[in-house]
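Residue-level listing of the chains:
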Amino acid sequence: MKIRLNPRTSQKIAKVVIWSAAILVLFLLFSVIIYILSEGIPQITWQFLTQIPSDMGRSGGILSTIVGTLSVTLVAIIVATPLGVGTAFYLTEYTHESIITKIIRFSAESLAGIPSIVYGLFGFIFFVIYLKLGWSILSGGLTLAVMILPTIIRTSEEAIRTVPPMYREVSFSLGGTKWQTMIKVLVPSALPGISTGIILGIGRCVAETAAVILTAGSALRMPTSIFSPARTMAVHFYILAREGISLERAYGTAALLIILILLINIVANLLVNKFVAKGH
Amino acid sequence: MRKFGERIPQSLFFIMALSALSALALITIFIFVEGVPLIAKVGFFNFIFGMKWAPTLGQYGIFPMIVGTVLVTLGAIILGVPVALCCSIFLAEFAPRKLSNLVRPAIQLLAGIPSVVFGFWGLIFIVPAIRNYLGGPGLSILAGSIILAIMILPTIISISEVSLLSLPPLLKEGAFALGATHWQTIRSVLVPAAKSGILASIILGIGRAVGETMAVIMVLGNAVALPSSILDPARTLTTNIGIEMGYASGDHQKALFATGIVLLVIIMILNSMAQYAIRRK
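Note that the protein sequences, when read in sequence, are chains A and B.
To convert, take the position in the first sequence, counting from 1, and add 5; that gives this note's numbering.
To convert, take the position in the second sequence, counting from 1, and add 5; that gives this note's numbering.
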């Protein structure tokens, strides 16, 4: 037997259920963030930020892992940005929809779905072993570059597509060449969108563990060049927490990670709002 | 500079545009080249349906991990999808504009939190709760499902919300004009109209759950035996690689690449299904 509810009653029930689902999601988000921050922030001292870990991370700070995170991310961004933005320009400005653009889009969408552990396997066998780069900042950065490529392609493509066609027409009518139009008109107008993609890519690099641990290694020494192995903050947190080396330092590292991610998200949102405010 | 700039473009951009395709090809080739010989050596059937994973004895059967992956993912979908759909309906239909502009970045933030942090949070809160109230070791399929359910929320919410928002306003106006309540409109008009986008979001959510590694390692217990209840520990395809890749060598390492092949094939099928669902609109 099917119970038929009065439409007004079911409307009320649905409203309550849907509001509570939204509240539940926000509650979960804030409980993770607040828990990590409240346990971790007291651990963050000047020494914590400026000393190299000693005794497997039991004492000392996390400076080398901060350097590791920043350098791996920098390599990834330097490699992925031109490739991703270039791909986006090719897809939007230099070609019409064809079988080639379909294949390129399919590749980018497939890359976006590949699990990070598979990127780790690939980076290990290709960069670390086959190209003989060893466990290094370079191997880790290149692996992450492949991983964030689809994000940068997608956001840049959207950003370029939303530049009104009139901008291009005006530039062409003033005698601008395709290249000039791109550099002087499209890049500046699409910049907030492109930067959002890059910033989201930075966020993914900072948060990544599985792909980096297999390619950059987990050495605690201070890296001296891009060929040095390095441990990132996320990997450091994972090892500290999983092996129960030092819970205090694990919380401190996690809190710093969360703060970084918060900042990255705030910047990305400001850029998106700027992008929207410009009327695109 | 001007002439130089005019001459490079076309071909240079084309080469750059090939980066995604070449990366995908390299990933597939290198993982298959490493893994396929071992599958051939062990036998395809024995590898996929073998019940015993004992690298020291040369036994490489991943069936318990396939079961683990399926169960954890199924649990995540059962727990996560209803909440995510309600949340996307909330954002698209119920939330005042100001509120949805605050909730949307929060959900984006949820996607940005490192998966190890989620795993750790689960280890501190979910695992002991399961151990105390439901029994078992706590490190379990249920714990993995709960953590993954949270982690797939952003994917499902954002894609479903977009597909709800991109519906023509006429649909809603028509339903209202016929005297339907807001909920009746959502349930019988909007959700059915957006169903291919919603379906795609769920498939992509499944893909995320199947592919997640670090969070699951921390709460799943990682036992290689076939689980007999959702309170048992288990191992997934991803965690098998994540745990053993650090020290594996020789055939053992190749077996982990072979596990990667299975994972890659599952993900490729899921992605193609999602892309098909999105296009079908």
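Please keep in mind that the hints were generated in silico from the structure rather than gathered at the bench.
All of these numbers come straight from a predicted model, not from anything done at the bench.
Fair warning: there could be bad hints in the mix.
What the hints assert, rightly or not - Computed list of lysine-lysine pairs in DSS-like fashion (alpha-carbon distance at most 30 Å, straight line):
id	chain 1	residue 1	chain 2	residue 2
1	B	LYS46	A	LYS137
2	A	LYS279	B	LYS103
3	B	LYS200	A	LYS17
4	A	LYS279	A	LYS189
5	B	LYS57	A	LYS20
6	B	LYS177	A	LYS189
7	A	LYS183	A	LYS107
8	A	LYS107	B	LYS57
9	B	LYS200	B	LYS103
10	A	LYS17	B	LYS103
11	B	LYS177	A	LYS17
12	B	LYS177	B	LYS200
13	B	LYS103	B	LYS46
14	A	LYS107	A	LYS20
15	A	LYS107	A	LYS17
16	B	LYS46	A	LYS20
17	B	LYS57	B	LYS46
What the hints assert, rightly or not - A few chain B residues that don't get close to chain A, going by computed Cβ distances all over 12 Å:
id	residue
18	LYS46
19	LEU62
20	ALA100
21	LYS177
22	THR218
As the list claims (entries may be wrong) - Rough simulated footprint, nothing fancy, chain B against chain A, three-plus residues with beta-carbon under 8 Å:
id	stretch
23	137–145
24	245–259
Built from N, CA and C at the ideal position, the CB exists for glycine as well.
Evaluation of the provided hints:
Our distance criterion of 30 Å between C-alpha atoms is met by LYS46 (chain B) and LYS137 (chain A), whose separation comes to about 27 Å. The straight-line distance between the Cα atoms of LYS279 (chain A) and LYS103 (chain B) is roughly 17 Å, inside the 30 Å bound, and the hint therefore holds. Restraint check for LYS200 (chain B) and LYS17 (chain A): the C-alpha separation of about 24 Å stays at or below 30 Å, so the hint holds. For the given pair, LYS279 (chain A) sits about 19 Å from LYS189 (chain A) by alpha-carbon distance, which is consistent with the 30 Å threshold.
For the hint pairing LYS57 (chain B) with LYS20 (chain A), the CA-to-CA distance comes to about 50 Å; that exceeds 30 Å, so the pair is violated. Proposed proximity of LYS177 (chain B) and LYS189 (chain A) is contradicted: the alpha carbons are some 43 Å apart, above 30 Å. Under the criterion of a C-alpha separation no larger than 30 Å, the hint pairing LYS183 (chain A) with LYS107 (chain A) is consistent with the structure, at around 23 Å. Only pairs whose Cα atoms come within 30 Å are accepted, and LYS107 (chain A) paired with LYS57 (chain B) is rejected, the gap being roughly 42 Å.
For the hint linking LYS200 (chain B) to LYS103 (chain B), the alpha-carbon distance of about 27 Å falls within 30 Å, and the restraint holds. Between LYS17 (chain A) and LYS103 (chain B), the direct Cα distance comes to roughly 22 Å. Compliance with the 30 Å bound is thereby established for this hinted pair. With a C-alpha separation of about 19 Å, the suggested pair LYS177 (chain B) and LYS17 (chain A) falls inside the 30 Å cut-off, and the hint holds. At most 30 Å may separate the alpha-carbon atoms for a hinted pair to count; LYS177 (chain B) and LYS200 (chain B) meet this at roughly 15 Å.
Distance check on the hinted pair: LYS103 (chain B) and LYS46 (chain B) sit about 60 Å apart at the alpha-carbon level, beyond 30 Å; violated. Taking the CA atoms of LYS107 (chain A) and LYS20 (chain A), the gap is about 42 Å. The hint is violated against a cut of 30 Å. For the given pair, LYS107 (chain A) sits about 46 Å from LYS17 (chain A) by alpha-carbon distance, which is inconsistent with the 30 Å threshold. Of the pairs offered as hints, the one joining LYS46 (chain B) and LYS20 (chain A) is violated, with about 58 Å between alpha carbons and a cut-off of 30 Å exceeded.
At most 30 Å may separate the alpha-carbon atoms for a hinted pair to count; LYS57 (chain B) and LYS46 (chain B) meet this at roughly 16 Å. With a least CB separation of 18 Å from chain A, LYS46 (chain B) remains clear of the 12 Å interface cut-off, as annotated. Look at LEU62 (chain B): its CB is around 23 Å from the nearest CB on chain A, clear of 12 Å, so calling it non-interface holds up. Non-interface call for ALA100 (chain B) relative to chain A: violated, since the shortest CB-CB distance, roughly 7 Å, does not exceed 12 Å.
At roughly 15 Å, the least C-beta separation between LYS177 (chain B) and chain A is larger than 12 Å, which holds for a residue marked as non-interface. Here THR218 (chain B) does not stay apart from chain A, with its beta-carbon only about 4 Å from theirs, under the 12 Å limit. Given as covered by chain B, the stretch 137–145 of chain A fails the check, having 0 residues with a CB less than 8 Å from a CB of that chain where 3 are the minimum. Residues of the stretch 245–259 of chain A lying with their CB closer than 8 Å to a CB of chain B number 4, which satisfies the three-residue condition for coverage.
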